[in-house]
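Enquirer: Chains F, C and V: place on chain G using the hints.
Residue numbers (this note's numbering), protein chains in the order written: chain G, 1 to 280; chain F, 1 to 280; chain C, 1 to 280; chain V, 1 to 280.
The set of hints was computed from the structure by calculation and includes no laboratory data.
Heads up, the beta-carbon is just placed ideally off N, CA and C, and yes, glycines get one too.
Just so you have them, the derived chain V footprint on chain C, three or more residues with Cβ under 8 Å:
(1) 8-22
(2) 45-59
(3) 159-170
(4) 271-277
Number of protein chains: 4
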Amino acid sequence: VAVLSDNSYGKSRVRLTKIVRNGAHHELLEMSVDILLTGDFAASYTEGNNAKVIATDSMKNTVYVLAKENKFTSIEEFAELLARHFAKTYAQVKSAAIVIRQPTWQRLSAGGKPHTHAFVDGGHEDRVCRATIEGQTLTLSGGLSGLRLLKTTGSEFRDFVLDCYRTLKDTSDRIFATSVEAEWAYAGEACDFNATFTAARQAIIRALADEHSLGAQQTLLAMGKAMLADCPAIASIQLTLPNLHRIPFNLEPFGLKNENEIFVPVDEPHGTIKGFIERD
Amino acid sequence: VAVLSDNSYGKSRVRLTKIVRNGAHHELLEMSVDILLTGDFAASYTEGNNAKVIATDSMKNTVYVLAKENKFTSIEEFAELLARHFAKTYAQVKSAAIVIRQPTWQRLSAGGKPHTHAFVDGGHEDRVCRATIEGQTLTLSGGLSGLRLLKTTGSEFRDFVLDCYRTLKDTSDRIFATSVEAEWAYAGEACDFNATFTAARQAIIRALADEHSLGAQQTLLAMGKAMLADCPAIASIQLTLPNLHRIPFNLEPFGLKNENEIFVPVDEPHGTIKGFIERD
Amino acid sequence: VAVLSDNSYGKSRVRLTKIVRNGAHHELLEMSVDILLTGDFAASYTEGNNAKVIATDSMKNTVYVLAKENKFTSIEEFAELLARHFAKTYAQVKSAAIVIRQPTWQRLSAGGKPHTHAFVDGGHEDRVCRATIEGQTLTLSGGLSGLRLLKTTGSEFRDFVLDCYRTLKDTSDRIFATSVEAEWAYAGEACDFNATFTAARQAIIRALADEHSLGAQQTLLAMGKAMLADCPAIASIQLTLPNLHRIPFNLEPFGLKNENEIFVPVDEPHGTIKGFIERD
Amino acid sequence: VAVLSDNSYGKSRVRLTKIVRNGAHHELLEMSVDILLTGDFAASYTEGNNAKVIATDSMKNTVYVLAKENKFTSIEEFAELLARHFAKTYAQVKSAAIVIRQPTWQRLSAGGKPHTHAFVDGGHEDRVCRATIEGQTLTLSGGLSGLRLLKTTGSEFRDFVLDCYRTLKDTSDRIFATSVEAEWAYAGEACDFNATFTAARQAIIRALADEHSLGAQQTLLAMGKAMLADCPAIASIQLTLPNLHRIPFNLEPFGLKNENEIFVPVDEPHGTIKGFIERD
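Excised from the complex, chain G in its bound form:
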């Protein structure tokens, strides 16, 4: 016989814009919220009995209501607040997991000063966070995804396995491009989430830009080390780096020599490098 051994449900992609007005100076918070609950919901699967089911539409309403009723300046605070709300409000909820993605609007300048209320696209990058309550235990992480970086030199890849499947040549000067995905666990509950985000992001960029690379793996670890060095609030980091190849175009059929200047950027296939870095 078939049995339901595990289940969860929730609402995904709840998008919210909140304006906080400090006089003429406006703060803009935009985000997309995902909610996932576990708990005593089996009867809705087995019998279609929805008595304990909180409609995902009600979850959506809750996001807007709590955004109105509470002050917060980071997505981490709001994620924790939502997770605690669902765990506290509904006896049938065993765990609540909240994931928030925040597009990175950048405040414009006006006459050398920050503009009070106008913003420009901050790129493909999203700031992300995750808050999970299970029983009394809160787990909180921050992160970013889609941070695209490229350097035109200072990157090698050589002396790797030589066997019958290899056709790639050693290179001591290549383009290195990636789109960083990072998730970090906070060491404790209380910290300056926004300052940590800024410092972590800067550490990633600096490690790519300034450290010579013998491979994407080495650069990944350099990023993790720089983040831990600069961000005392971070306990550990999961990093994922796609290797977004720029492939030298073969100019020989045309009687020309490609002096490391003409490349074909490709989206697929791409290398994927992962590492988990923690404090010793």
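Expert: For chains F, C and V alone, kept in the frame of chain G given last:
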């Protein structure tokens, strides 16, 4: 100090087309392959020492070489073959995980018979599988994603939690639309993967189309039960159903009554329903 | 001085689901509507005077109200109806252009008969149409986009320009894959739009599947000829065919011969072939 | 009988990375090139005779070869160069149209100075241009697309048409968000394309950020006026502004008042505002 406590790397989105010619009758296999290895690769992170690193470009080559050298009729067979290859060929590899996605081309008909060599788009749906080798242990799963289904009636949602966050009314007749994601574990290593895929897919469709629904949760379990009933080769199933809402448009401001016929389809936000079903 | 010499505005991506109930047998119509108006709207640009501006939100409402109030069985009928509505209702409107895209849900079968109310994804393909009213003149076109087709043989490409920029070899047996985009002008106002769509689509598929191809250009014209031959209601056709290349993978470095069986499918770059075909 | 009354063909999405090395200081140029030719190509459609057909693969090669052989610092220069090449090299070519999209990488800073070789994602925005040669006549335009801007106040929309289709209320304080698409014609052939791009982009941003808006139409014209005022090299401009709505969330069912602070951002439907502005 920072330590690298875990790592993995590989190649993603290796796309392949293989034609198998049985005389004039051609088989078409298209797929996108992801490879992820773990093993003795820490030195590439810590020292930039790539001596044990199999280039992800070599992994890509391997996909095409093995596709040429081997006969296979399902993505599961090819995934297993690739996983075993990496585990067997390289002493430094501890585990190899292969994920394959297959777009579902459909053979055209010609004069009532299957066309020998022409195909049409099979929809947003992909067939998927996963093969992992760790030591001597192979884990193999099949699945599908993006199977879009909609029914215009035979779906209710009522008698759910009534509290101050609820604004949604009970309904005994709504549209139910979803995009099914399923991953199933095979009970043993040897089975007819293609027949199992076809039967599992049909079971999912039948459960949605023919069983009255008191909620997405109930329908999800009905799908899982039908799959286990029809597919002896399947041991357990992870199902994820987004609830792709069609929201009744309010016609009252225009002096009209919406008799359950005019809706706004929305992509976001959406409900997300998950369940894991296994044999007892 | 700067002058506004032309302007238009409207609403895009108005999505609608309509169910028509013939007893237990339900018709499902889903579509996404774009509206674009020209007319006496310059004051809204030059002075911020919105007195003649129909809010795009009101346009959106109009789509749902007219969908409720009217019977129609094709997107062409609904597009014409919307175009005539805006031109007739508002004196300030000079022209109204309506574009509708319809995702192609396919009715399921149940026990060999059409299911009364359940549907499955019909693929990446959209049916499209365009209705424009300018003064008293209606212009109406039908079409499709995203019809993906592939054949594994019956396609050549050879004897093209040989110069210093050419590296591609002649081939007398290649894969041909495309994603057809077609827009056809109707010969008159009254015709069976649904029957014409079905016949036009079948003509496209048949021309690709059954006619030997010396190049994408030749296949494009074959499609257009077949459409005009089969569809008396069609006066002329604009066809666009991307050439979605499957590139033979070079197996020689691995001591293997690629006997036209192992390919790399690529999305970019791609050829683009266009042609306009009309009756003589 | 069916006749081919018009035709064109070319290559789309040819992606290129070029590094120009001025000692340690590297310039990075990335772009995606589309080529479309018209001319004496009818025989390839009517007879499958490819004798005059330049393979789209050869067009692709040409992009890389010309990128190597020529110095250029803007996409406009390279587009013109490509257009002239095809028109000059092949007698059968009647017109050549080149469209280039350039992702906007931003150079990083290092210690307060521009980094020599590292870059970060410049956002969803692309710089674009178009060069067309027909006979001896060159037409050249510049532009941008995907420039996302948002302001939290300084935007009204009121006193528009009140009729039975209107439900939207007047507002004197709303969020205005858009994603600017602009194409401008150059007044002459020779100008500083890069300086013009920078000035045009800044004019667009300033008009949105600093001018009070009575509607998207008024803001569009303000952008166009600012561009013409700041950029003598620009003769005329086509602007398209989607109105990316932030819809106030109704908090009344929850006993709360939305004091213009909680919104739902939606991608669809959206307003679309277009205007063509030229010098008088």
